[in-house]
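Visitor: One-letter residues, chain by chain:
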Amino acid sequence: MAQIDSDPIDPIQAEFDATFYLAINQDVAEAGVDPFQHFMALGWREGRDPNRRFSLAAYLELNPDIGAAGINPFAHYVVTGRGEGRPLKHDRGFRYEILTTGSSLESRIRYLRDLFPDGEPTRTTVLTETLQHADVSTRLHVTISHDDFTANLGGVQLCLMREAEALRAAGTTHIHLYPAAPGLVVDFERARPLVGVLVDGQPAGVYPHAVLIEQLGLFAKARDLTFAVHSFIGHNISAMTPVLQSMGATSGYFWVHDFSSLCAHYALLRNDVAFCGAPPADSPACGICQYGRRRRLHLAEHSRFFMAFAMTVLAPSQAAMDLWSRSFPVKPAAAFVHPHARLQPRQGQKTAHWPSGPLRVAFLGMPAEHKGWPVYAHLVERFADDDRYEFHHLGKTPDPAVEARFTAVDPGPDIREPMAAAVERLAIDVAVIWSLCPETFCFTAYEAVAGGAAVLTNPDAGNVPHFVTETGKGLVADDENVLMDLFDRGTVLSLVRSSPDKDLYSLSYSQMSADFVLEKTPS
Amino acid sequence: MRVVCFTSFTFSYLDRARVLFHTLRRHHPDWDLVALITDRPPPGLSLDVSAEDFDRVVWVEDLEIEGGLSWLFKHDVVEACTAVKGPFLHQACSSGADVAIYLDPDTALINPLTPLLQELETHDILLTPHLLEPEDKHAAILDNEVSALRTGIYNLGFVAIRTTGEGARFAKWWNDRLLSFCYDDIPNGLFVDQRWCDHVPAFFEKVKVLRDPGYNVASWNISRRKVRIDQAGQITVNGFPLRFWHFTKLGPVGDVMTRRYAGSNYEVHEIWNWYKRLIARFSEPRVPDRYWAYANYADGRPIQKAHRELYRVRGDLRDAFQNPFASGNGSYQAWLIGEGLY
Numbered sequence: 000m001a002q003i004d005s006d007p008i009d010p011i012q013a014e015f016d017a018t019f020y021l022a023i024n025q026d027v028a029e030a031g032v033d034p035f036q037h038f039m040a041l042g043w044r045e046g047r048d049p050n051r052r053f054s055l056a057a058y059l060e061l062n063p064d065i066g067a068a069g070i071n072p073f074a075h076y077v078v079t080g081r082g083e084g085r086p087l088k089h090d091r092g093f094r095y096e097i098l099t100t101g102s103s104l105e106s107r108i109r110y111l112r113d114l115f116p117d118g119e120p121t122r123t124t125v126l127t128e129t130l131q132h133a134d135v136s137t138r139l140h141v142t143i144s145h146d147d148f149t150a151n152l153g154g155v156q157l158c159l160m161r162e163a164e165a166l167r168a169a170g171t172t173h174i175h176l177y178p179a180a181p182g183l184v185v186d187f188e189r190a191r192p193l194v195g196v197l198v199d200g201q202p203a204g205v206y207p208h209a210v211l212i213e214q215l216g217l218f219a220k221a222r223d224l225t226f227a228v229h230s231f232i233g234h235n236i237s238a239m240t241p242v243l244q245s246m247g248a249t250s251g252y253f254w255v256h257d258f259s260s261l262c263a264h265y266a267l268l269r270n271d272v273a274f275c276g277a278p279p280a281d282s283p284a285c286g287i288c289q290y291g292r293r294r295r296l297h298l299a300e301h302s303r304f305f306m307a308f309a310m311t312v313l314a315p316s317q318a319a320m321d322l323w324s325r326s327f328p329v330k331p332a333a334a335f336v337h338p339h340a341r342l343q344p345r346q347g348q349k350t351a352h353w354p355s356g357p358l359r360v361a362f363l364g365m366p367a368e369h370k371g372w373p374v375y376a377h378l379v380e381r382f383a384d385d386d387r388y389e390f391h392h393l394g395k396t397p398d399p400a401v402e403a404r405f406t407a408v409d410p411g412p413d414i415r416e417p418m419a420a421a422v423e424r425l426a427i428d429v430a431v432i433w434s435l436c437p438e439t440f441c442f443t444a445y446e447a448v449a450g451g452a453a454v455l456t457n458p459d460a461g462n463v464p465h466f467v468t469e470t471g472k473g474l475v476a477d478d479e480n481v482l483m484d485l486f487d488r489g490t491v492l493s494l495v496r497s498s499p500d501k502d503l504y505s506l507s508y509s510q511m512s513a514d515f516v517l518e519k520t521p522s
Numbered sequence: 000m001r002v003v004c005f006t007s008f009t010f011s012y013l014d015r016a017r018v019l020f021h022t023l024r025r026h027h028p029d030w031d032l033v034a035l036i037t038d039r040p041p042p043g044l045s046l047d048v049s050a051e052d053f054d055r056v057v058w059v060e061d062l063e064i065e066g067g068l069s070w071l072f073k074h075d076v077v078e079a080c081t082a083v084k085g086p087f088l089h090q091a092c093s094s095g096a097d098v099a100i101y102l103d104p105d106t107a108l109i110n111p112l113t114p115l116l117q118e119l120e121t122h123d124i125l126l127t128p129h130l131l132e133p134e135d136k137h138a139a140i141l142d143n144e145v146s147a148l149r150t151g152i153y154n155l156g157f158v159a160i161r162t163t164g165e166g167a168r169f170a171k172w173w174n175d176r177l178l179s180f181c182y183d184d185i186p187n188g189l190f191v192d193q194r195w196c197d198h199v200p201a202f203f204e205k206v207k208v209l210r211d212p213g214y215n216v217a218s219w220n221i222s223r224r225k226v227r228i229d230q231a232g233q234i235t236v237n238g239f240p241l242r243f244w245h246f247t248k249l250g251p252v253g254d255v256m257t258r259r260y261a262g263s264n265y266e267v268h269e270i271w272n273w274y275k276r277l278i279a280r281f282s283e284p285r286v287p288d289r290y291w292a293y294a295n296y297a298d299g300r301p302i303q304k305a306h307r308e309l310y311r312v313r314g315d316l317r318d319a320f321q322n323p324f325a326s327g328n329g330s331y332q333a334w335l336i337g338e339g340l341y
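As you go down the protein sequences, you meet chains A and B in turn.
Residue numbering for the first sequence follows numbering that gives the first Met the number 0, starting at 0 and increasing by one per position.
Residue numbering for the second sequence follows numbering that gives the first Met the number 0, starting at 0 and increasing by one per position.
Hints in this document: simulated from the structure, not taken from any laboratory.
Yeah, the Cβ is synthetic: ideal placement off N, Cα and C, and Gly gets one too.
Among the hints, erroneous ones may be present.
To be verified - Quick list of simulated restraints, FRET-style, between CB atoms:
#1 M160/A to R227/B: 37 to 45 angstroms
#2 A68/A to R210/B: 41 to 49 angstroms
#3 A168/A to G262/B: 57 to 65 angstroms
Excised from the complex, chain B in its bound form (with noise of 0.2 angstroms):
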């Protein structure tokens, strides 16, 4: 079985990215491993993929997205990389493979995932929900299970489909949502990739919702899935292998989502600190620091959010400024100037 297995991620996320890629290879030597990249490389730094643990990257261009530049601008960072996976799942299957996975850039496997591909010979399409069981407390509550409710019950960190049949219908819609729908506007429904996929089981036929709780543990879900390490060397959650972990937030924002849900299930901590010590050793120093090449207009000055969502919605200043990016005398930016809004 062919299995192509990806990533997202800008360059401030490639400590985070190589982490993935590096237990990846270490599980799955024989999987096609993508990054890929809505980003440019910061100044000095080239990317040798013969010196990284993924096989090939695929630039944003390399999807030839319709309307190129002008669709990039109207998304900010997080909402243009997760778009992007739209359009690479939805190519994949026409490229050969018999299986896509994408893993966020902040997940790391502790054990392979080869029974996903069990699970893929007799179902299409596999999601992990955010939460597998009711939360007990009221801080919980309102942490875990109506957070849920405004991102999405599916936590879009994961997920896993056969290239054909009832997998390739639904990489071709969401493919379509995300190009034009891929916005975090929670206020009107939407959660970036991840809110559309709520439609997932009553949309598509052969969908696994997998309730094993050795995938996508996270700060969200460990007040009720604790974590044991073995004598013999094996790391369980609820009596389960541990497949991956998302480390999301990693900061101290995460640190107290962390410690206020972990209780004594010092093993966290444990696996936490792993990842901590990897990310110090795959860090690279060369990129600035919340560094995005599309974050600035050709002068370099900062793309304001709402200069993004002005230009989403007016079809006008789009078909006007068809590079948005650009600076000086008949720029977007120029235009924003001159109306007072910048």
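Same shape as in the complex, but just chain A (with noise of 0.2 angstroms):
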């Protein structure tokens, strides 16, 4: 006979996950009450889940019947569901997630217009008085892109803190303009777009187009012009285009740090989900890609922009320059391929031993789904239990919904390559890094590396699979699948801890465009 549990209670609370339930529920936490407890008489009926792996909505949803009887779905499926096969869960994917429930790209952009209206420029003569006591240098360079790069932090924002650098102590001076309001795509919407300005790094106020051209013009005279654009992400073209004319321009640097000059998604992620390949703009896709309308107008604007200026294109990577030249419309003036950095062999300990005990995979870096977080979440969920391997997060904010060891990573100054030591300490063995758009470079993979670890991506991640394979460090598997059966059959493992030791190495830093700019004009 059956035996019947007089308590069943202690099989609920034993899969019920009170750190997960304090972390994702603050108000909880914050009460000091018991969060078994409170889930068993409020949480659920508040659609709060017991624990990582069991969604209340999903169950409801494939149960219907549980919620029409008004039961608590996690206690049902314990004591119940479970015996009865009852599905726990969609397989529709993350990205289905992404399509049902992510804002589109025209209510995102007009989110962004309302909270940052037109504002007001600042006096002109801020700019004339500012300039007047810049460097007296008979050298100039203009740097333009999407935001103050000395006011947030990323990779565009460091290579231009190096570029800036450069031209520093070469006794350059330089300008940088941005945009006053932020953008996600090309403005052409803005009735009063303004300009930030940076001389010499130091903030310089807010204009517009007009008042760069008058002042502008009136400073780049007898001065050695140059100018590189990083990113027109948030800039009105066809409005900074006679601001660098009256400065007498005719020649300039373009970067491809992402691919905001191909399409309204910079980094080409059809419809936010999958890599579109950057095919023609007339093509099915584009038609049906909500970035599909406003990428014809970035094409436009962008090939007015080259062909009113011989431009020099700049890749980080050869896999970022075949992809931005077979798919821009301009042929440019000249272009090169120019890394912003490479891995050199350690000075002192080159080397280090692999660990012992289970494999330490790791997810480096913004738990963002572009970057291929939910891949890595599914990973974690289907062998979180599994002795082979151990999971780690390392970066600056942890994902409590996933089971994997978080260490906060935090880019300072004081550490020259944060992400690489905290690998290396941590004696990380594998990095997963899944991006689902190009990387045009991908300063993770190189730290990844550079800390001992071996790198685990997919074809679509730009750069990343390249740099694997010129480098042998790490391996490209097709598909999620592949990677699934990586793990599942235990490939992984002796993807690593082949040899005795692992290698360790340092990155050596370009100075951008300023390696250009400064074999141009020699001092």
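With the hints as a guide, bring both chains together as one complex.
Guide: As structure tokens, then:
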């Protein structure tokens, strides 16, 4: 005779994850109440999940009779549903979630425009005086990007800092132009767009293009001018063109840090879910993509700019250059691949021993969808109980919904390669760098290898698969199923730890456009 | 080859029809695009054809259907909009066009329909079945196979004909049947214009049942069709270019069926999202919700389905009340009230 559990609370409590519950429900943690009691009394009715693996919403959608009965779905699953073989989750994948819950491009653009309405310009005299006090250098370098690189942190900003440092060291005056209001795409809709100005890294106000034409035109006279565009996102290109022309510019550099010159989605992620390959703008794929209409605009605006100036295109990787070259409609004056950094054998300790115990697998950086976080989350969910593996997440912000050991890695001025140092310190064996869209360079991959980890990636991740193939430091898996299979079969174990020691590296950095500008105009 | 392509709708479906014509115009700028409308514009809206993607409007009155309003009254909105397809197609055969194509207003093109014209070099009638292969799950058999047995093997959201030969003979026969029997009456073997076409492969020669999975993709057949979007920009269904999608039941009902059968084929949701964006773009705020000019009596009170059905079967009522939409003394509505039927 089957035994009836006299106290069915026990098995439910056994599967309840109090730590997870408190992490995602700050209000419960702050109230100081018992998390399990809270869940049983209130939480399940409020849609608060009991552990990482059980979604109340998914269980109810798949088992509508449970919702109709008004009972605790988690209790039902543990006590009865599992035995009945009830389905726990949909198998629609994270892309379905993005497509059905994500906000549209146009609504995000409207939101940003409302959040940052056209502001008031700074008094022109501020710019006049700032320029009067600028260096007396005869060389002037102008850069254009999507933001104030001294105020925000990221890959492009770090690149601009290196460029600015190198120019300053060579005694060149540096003016940086950025949109005063941030944008997601190239702007053509703002009635009164303003441009932020940095002179030698110092803020010098925000101005309409007409003021820049007048002031910068004057300032550029009798100076050797060079310019480099790092990004036009947020800028009105048609309005920026006469600014450069007023300064006497006829040629410049254009960086392929991303693919915003090809499409309104800078990373070529069709409908935010899949790398599109930058097909023809009139293709069916672009036709159904929410970025398709603005793509034509991005292409047209950038093309006009390339026809107005003799542009030298600089790409940080061959992969980025190849993709850009085959998709951009105007042939540039010249094109060079100029990597942001290279791996250098370490000074001093060049190798480390492999750790013992389970394979240490890590995701490095921001847990964002386009960086492949949902794929990693799926990997962790599937193999979290597998003794062969230990899952980590190194970055700034943890995701409590994923059962990976989190280590805070904060990019700061103290450590040159903070991620590489953390990878080395935690003896990470494998970094899963599963970007859904092409990386033009990917410092993360370089830092992973510098810290001694192998890289697991996919063919759409741009420079990452090229880097892995070139260095032999990792593996390119065809798709997510192959990735799962590598872990299932344990093939990934033989990928690393096959030699007695692992290699460690440092990174040596380029000076970005300065490497070309300074070579062109020797002091 | 002169092609006339039409859809049939009321103002409630103006947004959908506009999306269809937008995609048709893009892929076939030279086709004669016709909006067949069984409705009257709602107050405050006048249709400016020069601002639309179709070339011309044919109103139901233009078809000069015998009985006029009396005939129309016998039909609810779906029955009326499907019934008029027959007369239009039949009349198109003497309009100078070489080919006539019908598409439902809730379809949209993703690739050109040019291969159809090649098929019509050797065939006179093209039809698309709801399903191209058997289902293998119990729920899908009920949802899709059994459903098609009730409503018709072929989906009449699409039909293409040569305006001569067997195409013209089919159009005449369909016209005749739809004028008399275009009702949603599944227990009696009728499902508007669609169930009739189960007869077509037997009644007519030169019929081609299109087995290309790129045509007429819909929630009822995506369980057996895999949508892919490649990096060259093409969208394929089981390896064939996606020609047109049938966005049946826009809204929660359609979403449930799409979710049920798309599985992890996320590209299906990309296509639906695209359609929903276009609908939002082409929406017409001046059309009241569920508007149909022929939904009400002259006094604005709704015509019940039972009123239409009674009028349909009673010749004496049709003789007595030749404009059954009228209100007031001596009207069909007054008669219904007097008989306690309203």
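Visitor: For each hint, tell me whether it holds in the structure or not.
Guide: Verification of the hints:
1. M160/A to R227/B: 37 to 45 angstroms: holds (43 angstroms)
2. A68/A to R210/B: 41 to 49 angstroms: Holds: the Cβ-Cβ distance is about 46 angstroms, inside 41 to 49 angstroms.
3. A168/A to G262/B: 57 to 65 angstroms: holds (58 angstroms)
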